[in-house]
Structure formats: C-alpha cells, structure tokens
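Using the working numbering, the letters of the sequence shown correspond one by one to residues 988 to 1333.
Hints may be right or wrong, so weigh each one.
In the DSSO-like style, the derived pairs of lysine-lysine whose C-alpha atoms are separated by at most 27 Å in a straight line are [stated by the list, open to error]: (1) 1282 x 1293; (2) 1253 x 1314; (3) 1282 x 1253; (4) 1120 x 1109; (5) 1291 x 1310; (6) 1256 x 1310; (7) 1265 x 1214; (8) 1293 x 1256; (9) 1314 x 1282; (10) 1253 x 1293; (11) 1122 x 1109; (12) 1214 x 1256; (13) 1214 x 1310; (14) 1310 x 1282; (15) 1214 x 1109; (16) 1256 x 1282; (17) 1253 x 1291.
Computed spacing ranges between beta-carbons, pair by pair [stated by the list, open to error]: (18) 1117 x 1224: 53 to 63 Å; (19) 1110 x 1260: 29 to 39 Å; (20) 1189 x 1110: 42 to 52 Å; (21) 1252 x 1063: 23 to 33 Å; (22) 1122 x 1063: 56 to 66 Å.
To be clear, the hints were calculated from the coordinates, so they are not data collected in a lab. Don't be surprised by glycine CBs; every beta carbon is placed ideally from N, CA and C.
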Amino acid sequence: KEGEEAEEAEEEEEEEMDPTEEISRGGVESDAEHTFDVGRLVTRPTLEEVAEMRHVLEAQLSAFRADGSLQQQCDALWRQYESITEGLAQDLCEQLRLILEPTQATKLMGDYRTGKRINMRKVIPYIASSFRKDKIWLRRTKPQKRNYHIMMAIDDSESMTHNNSGQLACEALALVARALSRLEVGQLCVVKFGDTVDLLHPFDRPFTSADGPAMLARFTFEQQQTKFRELLASASSLFDSALSSGQEENVQLLFIVSDGRISQQKGIKALVREADEKRILPVFILIDTKASILKVQNISFGSKLKQSLYIDTFPFPYYIILKNIDKLPEVLADALRQWFELLQRG
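Produce the complete structure using the sequences and hints provided.
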C-alpha cells in the first residue's frame, strides 16, 4: 500500500511539472529577454561610421599629443584601430594565404627507405614481407609552414602630418600587422624612419596586440627629414641578421608606408638593386590623400626649362598608390601576386 501511494505521488508531481512545458516556457522567456541581431556580429561598419571613427581618432591623437597624455591613451587608441580594420585584416589575411605559399616543411610524410622517423604502421608489413618492403621511414618533404621575414617601415616625418597621412599610416600598420600575425606568416619587424631609423619591434619576438600601443606611442610625425637611403641600408642589415645560418633564403618583404615625398633620390635606385640581389622586395605603400602625388611635377633648369611628372622618376619600382584604406587588401594582394610572378620568371 505504501508503494502504491508513492507511485501515485510521483505521477501527480509529473503531471504538475511537465518538462516539455517547462522547457518551452523557458525558451520563450529566454528569447524574449535576450533577443539580439546576429547580423551585428558579422556586419562591418558602414563607410559613414568608419569615416566618423577616423575623424574622432585623428582629433584624439592631436589632442593627446598636445597635452602629453598619448602614453596613457595608446591602449584605447590601438583597440580602436584594430576595430576599424578588423574586417579588412581578415580580407588581407585570406588574400595573402593564396600568395605567400608555405616555405618550411614541418610535417612528416611519405614512404622512404631512409628518413627521420619510422612509420609504425609499416613495421608489421615490413617484418611479414621478410624485410623486403623496407619503405618504412618518414621525411619532412611538403612545406606546411610559412617562414617569411617581413618588415614594416613607417614614415615618421613632419610631411605625413601636412599631407594628412599619419592617420592612414597608423591604420595601415594595424591592418597589415594584424593580417600577418593571424596568418602566422613568419617573423615581423616594425621600424619608423625620418631623421633616423628606430627599431620598434624586432624580428625575434612574436607580434601580438599588446605590442601595438607601445609602437603607437613612439610615433610623433615631427621629424624634419625622410632619409630613405638610411632606411634601405638599415633594413638590409636587419634582414641579414635575421637569417639564421643554413636557412634557405626566401623572398623577404619590406613594406614602406609613406607619403612618397623624396627630396634626395640619388643613390636610392642602387640600394633597391642591392636589395633585389638579396631577395628583398621593397613594396612602397604610397599614401595619397590631400595633394595628389600624380599631379606633382619636377622642374629642372638647363639650357631650357623642363617639366616632368614626379611619379615618372619615382625610384621604387614596386609601389601602390593608396587613397582609401578600404582598398588596401585588394590592391596590395593584386600587386604582390604580379610582382611574385615577375620574380619567379626572372
């Protein structure tokens, strides 16, 4: 009798608490209380929103540099740069994944008579065949990992401020650095140049988001000169020191972000040729904002006055003209693809 009463009590409890009703009610309440637009997680900011964010960032940078509080605000500023360029960094990463092919073999594969490690799955067939099927060794033959040396050089001269290019240069730095670190492309180095060349991030240290604010605090855009010859010489020395002994020399990339105003071009073409012989590819990202560099003219005086377009005598053969940061992934990827094809043919 006690057992029957217990069973009846359990049935009554189950009738009072129907699990299906409880789950459905809980689901409805949860949806009503926590409804959000999933599209907001993947939708990129509109052009108007990005333009507004850039305007605010530029004003904040000027204000922080004026009152000397830039060091304290760099963390927040770098996060805003990463937020603005998040979608573009992903696009550039996917583009570079197709262009920068893996160079370092890290995975053991294949069936060989000699190698680095025994394939244990082949041991029993090897013994059963009276030691005739002796291809039981693995080797690292197929490249699986990228191991490029890439340097970013940011123009820190005063002309970047006059041409309103400093803001775009910081965005380009955040965009390219984020894309390269996400792709795990190898080793990344960052320098700034003007009167002197200063190392901001060395090759031998992995780049993370925590390194961004420290680099951002080092930019002043107040240096009086832009010494490209010293930059090329320093870059060549840094690339040489980054190559370990016995390491195969792959194409090394030097991204130069500048407004392209070069007052002294003498000797630059010779240094570019030397870099090419060392398999260093200088890629000039020419920021063109206010006064279009395509309209700048050179004037020379001899027996008569001569005028020529400045861009026709530009000493860097591999350059792209960047007017809008949103076009950087597409333009840079297309240019690199063409230049790599030329290098392979050469």
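Status of the hints after comparison with the structure:
1. 1282 x 1293: holds (15 Å)
2. 1253 x 1314: Violated: residue 1253 and residue 1314 sit about 31 Å apart, past 27 Å.
3. 1282 x 1253: holds (22 Å)
4. 1120 x 1109: Roughly 8 Å between the alpha carbons, so the hint for residue 1120 and residue 1109 holds.
5. 1291 x 1310: Violated - the C-alpha atoms of residue 1310 and residue 1291 are around 35 Å apart, more than 27 Å.
6. 1256 x 1310: Answer holds: residue 1256 to residue 1310 is near 25 Å, not above 27 Å.
7. 1265 x 1214: holds (21 Å)
8. 1293 x 1256: Holds: residue 1293 and residue 1256 sit about 22 Å apart, inside 27 Å.
9. 1314 x 1282: holds (21 Å)
10. 1253 x 1293: Roughly 19 Å separates the two Cα atoms, so the pair holds.
11. 1122 x 1109: Given pair residue 1122, residue 1109 holds - Cα atoms ~8 Å apart, limit 27 Å.
12. 1214 x 1256: holds (14 Å)
13. 1214 x 1310: holds (23 Å)
14. 1310 x 1282: Distance of about 14 Å is within 27 Å: holds.
15. 1214 x 1109: Judged against 27 Å, a Cα distance of about 61 Å means the pair is violated.
16. 1256 x 1282: holds (22 Å)
17. 1253 x 1291: Status holds; Cα separation ~22 Å.
18. 1117 x 1224: 53 to 63 Å: Since the Cβ atoms of residue 1117 and residue 1224 sit about 59 Å apart, the hinted range of 53 to 63 Å holds.
19. 1110 x 1260: 29 to 39 Å: violated (55 Å)
20. 1189 x 1110: 42 to 52 Å: holds (45 Å)
21. 1252 x 1063: 23 to 33 Å: Violated, since residue 1252 and residue 1063 (Cβ atoms, about 40 Å apart) do not stay within the stated range.
22. 1122 x 1063: 56 to 66 Å: holds (59 Å)
Of the hints listed earlier, those the structure fails to meet are numbers 2, 5, 15, 19, 21, in rising order.
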